[in-house]
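Throw the hints in and build the complete structure from the sequences for me.
Now for the letters of each chain:
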Amino acid sequence: MTRYIPNQDDQRRRMLERMGAGSFEDLLAPLPQEVRLDRELDLPGPVSELSLHRQMAGLARTNTGSEKVCFAGGGAYDHFIPAAVDHILSRSEFYTAYTPYQAEASQGTLQSIFEYQTMVARLCGMEIANASMYDGASAAAEAALMAIRVKRKDRVLVAGTLNPRWLRVIRTYLDRAGFFVGEVPFDDGGRLDEDALEAQMEDGFSALVVQYPDYFGQVFDLQPLAEKVHSRGGLLVVAADPVALAMLKSPGECGADIVVGEGQSLGIPLCYGGPYCGFMASRKKLARKMPGRLIGKTVDRAGETGYVMTLQTREQHIRREKATSNICTNQALSALTNCVYMALLGETGLREVARQCYQRTHYTVRRILEEVEGAAVVFDNPFFREAAVLLPASGEAVRDAMLDRGYLAGIPVPGLGEGALLLSATEKRTREEIDGLAENLAPVCREVAT
Amino acid sequence: MMLKGTLPTIFDRSHPGREGAALPELDVPETDAEELEGLLREGPIGLPEVTEGQCTRHYVTLSCRNYHIEQGIYPLGSCTMKYNPKFHETIARLPGFCGLHPELPDREVQGTLEILRRLSEMLGEITGFEAVSLHPAAGAQGELTGLMVIKSLLEDLGEKDRDEVLMPDSAHGTNPASAVLAGMKVVNLSSDSRGLVDLEDLREKAGPKTAALMLTNPNTLGLFESDILEITRIVHEAGGRVYMDGANMNALMGIARPGDMGFDVCHLNLHKTFSTPHGGGGPGSGPVACTSELAPYLPHPRVVRDDDGGYRLIDRGGQAFGRLLAFAGNVGVCLKAFAYVLSMGPEGIRSVSENAVINANYLKALLSQKYEIPYDRGPCMHEFVASGGRQKDAGAATLDIAKRLLDYGCHAPTVYFPLIVREALMIEPTETESVESLDAFAEAMLSIACEVESKPHLVTDAPVSTPVLRLDEVRAVKDLCVVEPWDRPERE
Chain V
1 MTRYIPNQDD QRRRMLERMG AGSFEDLLAP LPQEVRLDRE LDLPGPVSEL
51 SLHRQMAGLA RTNTGSEKVC FAGGGAYDHF IPAAVDHILS RSEFYTAYTP
101 YQAEASQGTL QSIFEYQTMV ARLCGMEIAN ASMYDGASAA AEAALMAIRV
151 KRKDRVLVAG TLNPRWLRVI RTYLDRAGFF VGEVPFDDGG RLDEDALEAQ
201 MEDGFSALVV QYPDYFGQVF DLQPLAEKVH SRGGLLVVAA DPVALAMLKS
251 PGECGADIVV GEGQSLGIPL CYGGPYCGFM ASRKKLARKM PGRLIGKTVD
301 RAGETGYVMT LQTREQHIRR EKATSNICTN QALSALTNCV YMALLGETGL
351 REVARQCYQR THYTVRRILE EVEGAAVVFD NPFFREAAVL LPASGEAVRD
401 AMLDRGYLAG IPVPGLGEGA LLLSATEKRT REEIDGLAEN LAPVCREVAT
Chain G
1001 MMLKGTLPTI FDRSHPGREG AALPELDVPE TDAEELEGLL REGPIGLPEV
1051 TEGQCTRHYV TLSCRNYHIE QGIYPLGSCT MKYNPKFHET IARLPGFCGL
1101 HPELPDREVQ GTLEILRRLS EMLGEITGFE AVSLHPAAGA QGELTGLMVI
1151 KSLLEDLGEK DRDEVLMPDS AHGTNPASAV LAGMKVVNLS SDSRGLVDLE
1201 DLREKAGPKT AALMLTNPNT LGLFESDILE ITRIVHEAGG RVYMDGANMN
1251 ALMGIARPGD MGFDVCHLNL HKTFSTPHGG GGPGSGPVAC TSELAPYLPH
1301 PRVVRDDDGG YRLIDRGGQA FGRLLAFAGN VGVCLKAFAY VLSMGPEGIR
1351 SVSENAVINA NYLKALLSQK YEIPYDRGPC MHEFVASGGR QKDAGAATLD
1401 IAKRLLDYGC HAPTVYFPLI VREALMIEPT ETESVESLDA FAEAMLSIAC
1451 EVESKPHLVT DAPVSTPVLR LDEVRAVKDL CVVEPWDRPE RE
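Protein chains in written order, with the numbering used here: chain V, 1 to 450; chain G, 1001 to 1492.
Calculated from the structure, these hints are not laboratory results.
Do not take every clue at face value.
Think about it this way: if two alpha-carbon atoms lie no more than 25 Å apart in a straight line, the pair counts; the simulated SDA-like pairs of lysine to any residue are [to be verified]:
id, chain 1, residue 1, chain 2, residue 2
1, V, K249, G, D1032
2, G, K1205, V, E321
3, V, K322, G, K1205
4, V, K151, V, K284
5, V, K284, G, I1045
6, V, K289, G, D1032
7, V, K289, G, G1183
8, G, K1185, V, R149
So this is what it looks like as structure tokens:
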């Protein structure tokens, strides 16, 4: 038998006897013959641990992309992760536990998620935060649905400067639920088109979803936008980069009502897109409209502090079709990752990560403009840790050719021009790597252009 | 060692100036950030300041206050808390897998794409379906995906008016919530005296408005829907499709396949059936398998294998209903599930379900000595539902029994679900529990039943051995506190 199943034939016989069954087949009596599978499944294996290791290591080696020097962002960033993060997550007590349904036996998970909620809320400048969503994009979609529950208008506006992947997710969620998405375009200068926004708000809306900094890395003051949206009766939903929030004015301070974002930057490996971790924070008065789990502080019978899942009457297992969302399993271990990462980096560490991302990305852009003839920035606005540059050759062709030289140079954004490449540098990118990128881009652009 | 009572938070352990991580020096010339004037954060964020040692000690101390599968039996019904193989954790951490940026072009990520493709095929074989999407992040998102796929097909067929989803009153709460999120209406079906779908009620309610029936099989009582072929026939004749909630797939692998029962689509929970750890509430993964009729509508992205043997991600075009996550899905979880299927092989996979079913029936037989087992007309599948009704009448509720189990060093079953059983205790031991472990759990349950009769206060006062005593959930709602209060320092 297999290494994960303890009971042996003699034990199974004794168990079957105890329940008055002659054989295992007797237990299948409720299954009509027609639905029983009359053959063995066509699956590979079983393989030993050693053989599995060889196979998996072989497959991992064909993932040549993991060795490229990464200048891509677009919602997933190559950050340094202190070793202590994975050591703590690898505690079986955390990773092999279930959802904390029995609070008294789950205080480890519950208190750490409470601390996570606290850190997220403080970073966002909001009063409350939930225990996590699947990823940033689905968190944004859930925030849009939450805004509709609050404002009861069936339309949500989305800034055209939002990550296009996130826009597609919001559209999928809202379309299918019978709601509408209005996209507010941006002008040639990279700013949200004010007239279009005014016109779209005229038609009635529950919220405007805006990214901060936006998909192109640009930073604009949210406060005037918040005032405008509020004056027209809507909510402002901000999709924020958590690293940027260590440096920039918090969305809460600017008047945001709901803040969501992708927690991957906070200690989670890239892993081809998941598992990541969506976060969601809001004003306290919206707590009962919030989707997902919330961990709250309380006391036990002796007055000692403890933590429980709270406001559960919002959730599907109690409220069923009237629940605020269908979410059940979330990304708890990824939220714990965020929590431990933020605790390790702390107040000064996270600010330093933000400062270095800002500085290294700015240096990268500067070096590209110096080295690559005809290169330009697409927009001339303040940016944080991501920037769109326009190269004198196809962005996609440049990216491919740069991969051969060992660099993932960025993400092509053909919508901004054929040569547009979105790039980002984290604290992990050294001066040598940045210089290498710029110096290789120059000949590559020439080669590709001809 | 486990510490009892109130513990400081990480914020309580903070002192200005402490650091827990060392970053490299900034080695590039600095830009003056004056362009951000007026946009910068003023004052502290409010994050803790601790050393690596303090941070580690804090979270390790917290971890010791968790019950977990490596400590003992975790018989939560419908949750399939089985052992999580160690080596699969190692695999998912290989740099070749976890160092991949999701925007890399296909040629740079062939290993991961191959695994995703092959895992899809394996899950298709196990469920008896033609196509599989690994996109959904969890079971509930899988349900939403399945319903959106059905909705898209119906729209294409010009049957937009079909907006009702039938589901038994014993369904998981995610089922009705997912239906509403998919823009559909919920129609409840009653269960009959056997605890199965009431065919008369189904015949009455299935009709021109029916988009789908959502059914968990085995159902949440742990019973196989014996009339399944008739059930799927009735719904198909009415023009609807049939969705299987695959939360209970651990009962069926290698024994019977949803595709062969007339289901059109089902989701799986890799964090249940396929042994990936639950992580204290996630991340999971909720792949969706379906017939060729529904396959074109599965979400983006999908992985295909080209004639030259290369793998390619399809992220645009076709009839896909859209996407529910920014990137491919919970890829790291998929890697572990792929390793699990390879580790087990076809015989091993069937053996999982055989042993899960034997373990559940054995435990049911042991517990029936003291606990009422409603709807007990024959064998159950991988789980069963007992009732604490008898004990409730004697003065201790199911909640008390659950809490008392913690004192016996066992995790409690799922309680008060399904809703159709009074004082429900839903018990799923899984195949990775030994007979010795089942005997010990049964002994604890029977002993608690005796306590209810002789010394009920032991049960109603429980738990007493946990880090905290019974917690006041009402107060948590009344005095809502979901973040640590903070006296934000005045701005300078």
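Here's how the hints hold up against the structure:
1. V:K249 - G:D1032: holds (18 Å)
2. G:K1205 - V:E321: Distance of about 18 Å is within 25 Å: holds.
3. V:K322 - G:K1205: OK: K322 of chain V and K1205 of chain G at ~21 Å, within 25 Å.
4. V:K151 - V:K284: holds (16 Å)
5. V:K284 - G:I1045: Roughly 19 Å between the alpha carbons, so the hint for K284 of chain V and I1045 of chain G holds.
6. V:K289 - G:D1032: violated (42 Å)
7. V:K289 - G:G1183: holds (18 Å)
8. G:K1185 - V:R149: Holds, at about 17 Å.
Comparing the model with each numbered hint stated earlier shows that hint 6 is the single one that does not hold.
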